[in-house]
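Q: Residues per chain are reported as follows:
There are 4 protein chains.
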Amino acid sequence: MANKIINDPVHGFISIGNDLLLNILDHPYMQRLRRIRQLGMTNLVYPGAQHTRLQHSLGAMHLIQLAIDTLRSKGCAITDDESIAAMAAMLMHDIGHGPFSHVLEHSLVEGIDHEAISLILMHRINSDLGGRLSQAIDTFEGRCKPFLHQLISSQLDTDRLDYLKRDSFFSGVTEGTIGSDRIIKMLNVAGNELVVEAKGIYSIEKFLIARRLMYWQVYLHKTVVAAEKMLNQILRRAKFLAREGKCPEAPKHLEYFLRNDIKEEDFETDLTIKQFTLLDDSDILSSIKTWTESGDRCLATLSDWFINRHLYKIETSREQFSPDRIEASRHNTMRALSLTDDECSYFVLTGKVQSKTYSLGNDRINIMFSPNDIRDISQASNMLNLDALNSTDCRYFLCYPRL
Amino acid sequence: MANKIINDPVHGFISIGNDLLLNILDHPYMQRLRRIRQLGMTNLVYPGAQHTRLQHSLGAMHLIQLAIDTLRSKGCAITDDESIAAMAAMLMHDIGHGPFSHVLEHSLVEGIDHEAISLILMHRINSDLGGRLSQAIDTFEGRCKPFLHQLISSQLDTDRLDYLKRDSFFSGVTEGTIGSDRIIKMLNVAGNELVVEAKGIYSIEKFLIARRLMYWQVYLHKTVVAAEKMLNQILRRAKFLAREGKCPEAPKHLEYFLRNDIKEEDFETDLTIKQFTLLDDSDILSSIKTWTESGDRCLATLSDWFINRHLYKIETSREQFSPDRIEASRHNTMRALSLTDDECSYFVLTGKVQSKTYSLGNDRINIMFSPNDIRDISQASNMLNLDALNSTDCRYFLCYPRL
Amino acid sequence: MANKIINDPVHGFISIGNDLLLNILDHPYMQRLRRIRQLGMTNLVYPGAQHTRLQHSLGAMHLIQLAIDTLRSKGCAITDDESIAAMAAMLMHDIGHGPFSHVLEHSLVEGIDHEAISLILMHRINSDLGGRLSQAIDTFEGRCKPFLHQLISSQLDTDRLDYLKRDSFFSGVTEGTIGSDRIIKMLNVAGNELVVEAKGIYSIEKFLIARRLMYWQVYLHKTVVAAEKMLNQILRRAKFLAREGKCPEAPKHLEYFLRNDIKEEDFETDLTIKQFTLLDDSDILSSIKTWTESGDRCLATLSDWFINRHLYKIETSREQFSPDRIEASRHNTMRALSLTDDECSYFVLTGKVQSKTYSLGNDRINIMFSPNDIRDISQASNMLNLDALNSTDCRYFLCYPRL
Amino acid sequence: MANKIINDPVHGFISIGNDLLLNILDHPYMQRLRRIRQLGMTNLVYPGAQHTRLQHSLGAMHLIQLAIDTLRSKGCAITDDESIAAMAAMLMHDIGHGPFSHVLEHSLVEGIDHEAISLILMHRINSDLGGRLSQAIDTFEGRCKPFLHQLISSQLDTDRLDYLKRDSFFSGVTEGTIGSDRIIKMLNVAGNELVVEAKGIYSIEKFLIARRLMYWQVYLHKTVVAAEKMLNQILRRAKFLAREGKCPEAPKHLEYFLRNDIKEEDFETDLTIKQFTLLDDSDILSSIKTWTESGDRCLATLSDWFINRHLYKIETSREQFSPDRIEASRHNTMRALSLTDDECSYFVLTGKVQSKTYSLGNDRINIMFSPNDIRDISQASNMLNLDALNSTDCRYFLCYPRL
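Residue numbers (this note's numbering), protein chains in the order written: chain Y, 1 to 403; chain X, 1 to 403; chain R, 1 to 403; chain Z, 1 to 403.
Read the hints as simulated data drawn from the structure, not as lab findings.
Computed from a prediction, not measured in an experiment: that's the story for all the values here.
Warning: the hint list may mix true and false statements.
When chains are identical, the list treats them as one kind, so a pair holds in a single copy or across two.
Said to hold, decoys possible - When the alpha-carbon atoms are kept at most 30 Å apart in a straight line, the in silico DSSO-like pairs for lysine-lysine are as follows: (1) 199 x 222; (2) 252 x 4; (3) 274 x 229; (4) 252 x 229.
Can you make the complete structure from the sequences, with help from the hints?
A: Set out below in structure tokens:
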């Protein structure tokens with residue numbers, strides 16, 4: 001029997017003792033995740049945040065195994081096949097991410113998000129592996145015991161339990177860490193649904209507050225936002241040039257996405273799949289360096305700035321920026337850099353970022369006080385502000401060049 | 001110049017490069033804190049929680065030094081004398097604690113709390129050290145720049161910053177840890193008052209939630225409460241016997257507190273000071289073992305149970321226990337153990353424990369959005385529930401023997 | 001089925017899911033270990049080192065379980081009974097320790113070491129538990145598969161794997177930590193003997209060097225030695241006075257050991273067992289405080305010094321101190337303190353401390369390069385100095401009062 | 001005054017409060033180090049090892065600051081200019097590294113190592129910054145107080161103190177960690193030379209053993225070697241094709257190094273400097289993906305294997321592989337893959353890797369027992385094997401395809 005042990009600085013040793021899981025791990029689509037940073041360009045602010053989607057995927061798989069062990073020890077019946085399927089689903093859950101994870105999600109490709117691509121790629125791997133992934137895909141899509149699917153995708157899934165801990169570890173924002181070990185020990189099943197035992201309530205409060213901290217301190221840190229917006233504009237300009245017949249130099253698999261408007265339906269073709277699965281962070285970074293010498297001043301300037309971390313200045317506000325304020329910023333920028341109105345749209349931008357700490361939607365976190373008394377965390381906790389939890393916390397931003 | 005470096009598993013190396021601080025540390029009243037556990041009998045639930053008041057006092061002194069360094073780097077004027085005085089105050093702030101810290105605070109001595117005793121002992125040390133502690137005592141009592149006193153005693157003082165981190169570390173409840181480093185980096189002074197810079201708001205939210213977690217998961221853990229209540233009853237019985245002329249065997253310095261009703265005014269005498277400063281955890285533990293063979297069945301039974309961790313069964317509730325429920329419990333106990341009504345009061349007890357996460361009192365935590373926009377954390381955070389923060393969270397308990 | 005989860009700051013959660021192990025843990029003899037510090041008076045140098053024999057015993061039991069899991073996963077047959085017996089043996093292996101662990105091992109009792117007392121107490125618990133510990137005792141004494149006994153007692157036993165990591169953690173000497181997780185993953189069995197797989201050789205080198213570091217930096221730190229020697233002399237004086245009919249005040253269970261010369265054969269009696277198992281650190285500390293007021297000047301002085309950390313001055317040397325040097329020290333001391341020759345023997349002392357990093361004895365650490373190529377670590381490593389490893393590293397010391 | 005605080009998961013907060021250091025950090029040549037992994041392709045074995053040269057450079061700068069603080073506190077005179085120069089030197093010490101750090105050091109460029117390139121680039125930055133780096137360059141080259149240069153480059157320099165701790169942290173090989181804090185606290189200066197105080201000897205022993213562990217467990221891990229050798233062969237093939245006029249597709253700045261034999265003297269030209277400083281890991285990874293579709297079967301095959309982690313099988317031995325063994329391997333490979341003799345040289349390779357734990361060269365680690373008794377660690381430690389320390393530990397390897 002195969003058994004692979006992987007050193008993970010976050011969880012310690014991760015064991016994989018199952019051939020199917022090892023086959024998935026060896027598949028080129030999984031290996032690609034070694035070359036995709038979990039947190040996009042966050043390393044421009046937190047230099048330690050270089051960790052990859054592969055590490056996260058392994059960690060999430062590891063945690064679902066621990067969760068299943070806990071549930072079994074409490075008398076919950078889970079077959080070996082169900083367990084392997086859940087682990088496989090977790091290992092592959094992010095397989096559809098493109099370069100820099102979320103950053104370019106809607107720049108390179110339109111009308112399809114990474115979850116949909118993940119599912120398409122899972123089916124491809126399934127056919128490569130002779131159909132042995134069918135139960136994993138069913139599990140991923142929710143055709144399984146409800147609590148298993150909640151471990152894969154809910155507001156307390158092993159995805160979040162891994163990424164909060166991992167992103168905190170690598171960014172060095174130690175406060176963002178969560179007690180994933182304790183939370184997992186507190187999991188149970190009631191009426192086929194995942195619940196947290198009552199004494200775990202403080203851990204859950206802390207998990208939600210830590211998540212909020214990570215959002216505003218790391219994921220939506222204003223300098224991170226500035227970097228990601230700049231990256232988006234570079235790609236937008238490159239696509240614009242490509243459509244104009246002046247496609248900037250790029251590896252073929254990136255050029256494919258610059259020249260063509262790739263949409264959801266294109267993912268039915270081998271060609272698109274082939275190009276997409278060749279794509280990763282390195283193509284973008286390498287090309288942007290080449291583009292610093294582009295004949296197009298817009299592209300050259302932004303590329304140079306991005307590579308040398310000369311990022312937009314960014315202001316944030318809880319209120320929308322006034323049209324006057326934005327116009328003034330555009331005006332200054334156009335004059336200083338001699339830009340046309342259209343070009344200026346790459347240099348001055350506005351928008352908003354937002355995050356919700358906890359959603360009163362379908363996949364709630366349920367606290368079990370007794371088998372007959374199960375309450376949503378927002379009801380169970382008297383500390384957290386119910387309205388604030390469910391409301392979307394939103395910040396407007398205005399980016400413009402440092403002149 | 002003297003320089004002592006102490007290894008602290010929580011903060012790393014703690015340097016003491018000042019003679020006055022070293023003289024305080026060498027004083028017998030400080031050394032006594034080596035023999036007083038920070039968390040009373042919490043080690044019956046969390047075996048790692050054996051750490052002492054001395055460790056905490058050193059840690060709190062270390063953190064106030066870091067805080068002062070930060071404030072100075074931001075342009076806040078603090079003289080060397082002010083700095084040493086604040087560190088000395090922090091080093092001695094808990095010097096008045098008796099055996100098992102809070103547990104016996106109102107059992108051995110009446111009508112005086114540990115802060116008052118601390119102050120008395122500081123004055124004694126001051127006269128031993130030729131008056132060199134006068135500024136430290138002034139600082140401890142608030143006759144100093146307001147922000148310095150807030151570092152010593154407020155809802156964000158270095159006392160809490162140390163003990164939450166330390167108690168979390170030694171108990172192994174890793175979730176209780178707080179970002180004391182980051183919070184300290186975010187401190188500033190506005191109008192002579194301590195403030196936290198706005199980007200530290202998430203750290204403060206997390207600090208409050210962590211504090212709440214530590215209260216209910218550790219400090220007020222129900223088994224901890226059961227142990228502490230049992231210890232209180234043992235001492236109450238011993239004092240009762242002493243008053244009856246049947247004082248159980250104990251070292252003289254403990255016997256002094258059993259035989260006499262020591263009150264605040266007694267702390268003006270050398271005799272009481274002498275006896276009090278000889279007292280620590282070891283006397284209580286050693287005596288209780290002797291008392292397991294006491295002729296008084298009440299004392300012998302409770303002592304035996306306590307030493308061998310046969311603790312009361314404890315039930316907790318958000319509602320008061322009904323008189324019927326309590327009476328039933330008393331009835332069962334009296335019959336099973338053949339106790340008189342009076343004796344039963346040592347075996348069945350009820351009461352409440354409570355904690356407030358944040359108080360809207362005088363020493364609030366202020367968040368500085370700009371020099372002109374400083375808001376209380378309960379106003380600044382939209383996540384924390386203002387009403388819940390300020391309300392006292394209370395649990396009733398009922399303890400009775402495991403029969 | 002019972003299942004207890006204990007929070008351990010060193011290893012995380014320790015689960016005990018077996019009734020026999022829980023019964024052992026609840027036994028008064030085990031509970032006593034809560035009141036015995038693992039490292040005696042080391043907290044006078046490393047204030048964090050307050051951890052107890054109970055914590056270590058739980059940790060060692062936890063590690064042997066992990067080791068057994070690893071061996072089973074490599075195809076080694078170990079029955080559940082063997083596993084429970086090994087865990088039970090590990091849980092109880094230190095049960096015979098007296099106050100301050102090793103410090104008073106030969107002061108209070110003569111001619112019997114803690115291992116022998118452990119065995120006696122195990123037999124007592126065994127009869128309390130209806131003989132269910134017989135296999136555990138067999139395992140403890142080596143009547144079991146050789147590799148199981150090597151996990152319990154050898155130069156790479158789970159005793160050392162726990163205590164090095166734990167003592168490093170609590171003392172804050174982080175360098176002393178060892179890779180117990182990795183070492184355990186590298187264990188295997190060859191010909192019924194415990195071996196380490198070849199790729200674990202660097203971990204073993206590091207384990208030996210870390211052990212040496214802990215000896216000289218912590219266990220035999222010269223101030224620790226000074227404190228322990230002072231404690232020994234206090235007890236020696238107290239016994240001397242007791243024999244002279246002037247026994248200093250002490251709890252009865254300590255008085256028993258002061259008045260009587262307790263030897264190995266006394267441990268056959270219920271009385272000695274009863275007194276011994278009541279004894280712990282608290283009796284010693286509490287009594288020494290009482291003795292600071294003893295009529296015997298010798299006892300009073302040493303007790304006062306010890307309690308207030310006014311320790312002997314200690315010098316160490318790789319050579320024996322010359323008779324002249326010692327005599328000069330005695331002479332000064334006698335004159336300064338007006339001591340008789342006999343009294344002086346409590347104030348000026350000499351002796352040696354020693355440690356061997358690795359012994360070429362019977363229970364070697366074997367490295368398996370292949371099933372047919374198994375070599376002792378001292379042969380397998382080309383880095384460690386074979387002669388130095390096997391030689392005893394020795395330091396002479398001279399203690400005398402700070403005048 | 002500028003002050004930047006950077007979060008480092010290894011050392012905590014790193015403060016940069018000096019404009020010159022901030023200017024260096026902002027320079028494009030430094031920013032480039034964000035895109036160069038510290039440990040080449042080690043992430044293929046230890047997925048966490050994604051950290052960059054930039055993080056290491058910041059860490060090493062931070063440690064030299066701590067070391068200077070320690071030396072100053074011990075009375076050693078170091079001016080602020082000397083301190084800034086040393087920090088600047090440390091910040092830039094690795095600036096000449098190319099893609100994947102050491103891996104391609106002699107593949108892309110010939111006859112010049114990264115130290116020489118570092119020096120060239122420092123001079124360039126110096127002229128960009130108006131000559132303000134002259135003292136830093138002097139310090140880097142040893143024209144400064146000897147102990148300062150020893151902190152920058154010796155067997156106990158802050159380079160090693162950072163990278164061992166950092167590489168251990170990110171790889172998850174926790175055993176490789178070293179007590180850099182303690183070692184730094186033990187540093188002192190005697191006769192202008194850096195020494196370690198005697199009580200630090202065990203920390204130094206442990207540092208050397210940890211370094212050895214990291215070499216064989218991480219840096220020279222056999223799968224890491226296989227990956228690096230494959231990468232070398234891919235570049236060698238690409239250069240061969242370029243010389244044949246069939247240069248594979250690549251960004252211009254990489255193509256420059258494929259088409260031309262760049263040697264030391266070329267680094268005198270702006271063109272080479274320009275191309276070199278555009279180059280980083282991303283170009284190599286992106287190009288290799290493109291090359292998986294190369295018309296050259298050799299290049300396409302190796303590229304595909306590398307990207308999908310289908311690495312060479314590697315055998316290692318303390319003895320050289322026999323010509324027969326190698327020939328057999330070549331024979332099998334040629335037949336299986338239908339390769340020519342010349343092509344086979346890319347698929348079957350042999351060589352050796354080696355490491356020396358401690359060198360008896362010029363920059364030894366000196367232990368100070370007293371101002372008059374300073375001894376080399378190899379003499380001072382009786383534990384480490386002098387001969388083994390100084391000898392080069394060497395392993396031969398044979399790589400061939402997994403067929």
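Q: Each hint needs a verdict: does it hold in this structure or not?
A: Cross-check of the supplied hints:
1. Proximity of residue 199 and residue 222 under a CA criterion of 30 Å is satisfied inter-copy only: 11 Å between copies versus 36 Å inside one chain copy.
2. For a Cα distance limit of 30 Å, the shortest separation of residue 252 from residue 4 qualifies neither inside one copy, at 35 Å, nor across copies, at 40 Å.
3. For a Cα distance limit of 30 Å, the shortest separation of residue 274 from residue 229 qualifies both inside one copy, at 27 Å, and across copies, at 27 Å.
4. Taking CA atoms no more than 30 Å apart as the test, residue 252 paired with residue 229 passes in both settings, with 24 Å inside one copy and 26 Å between copies.
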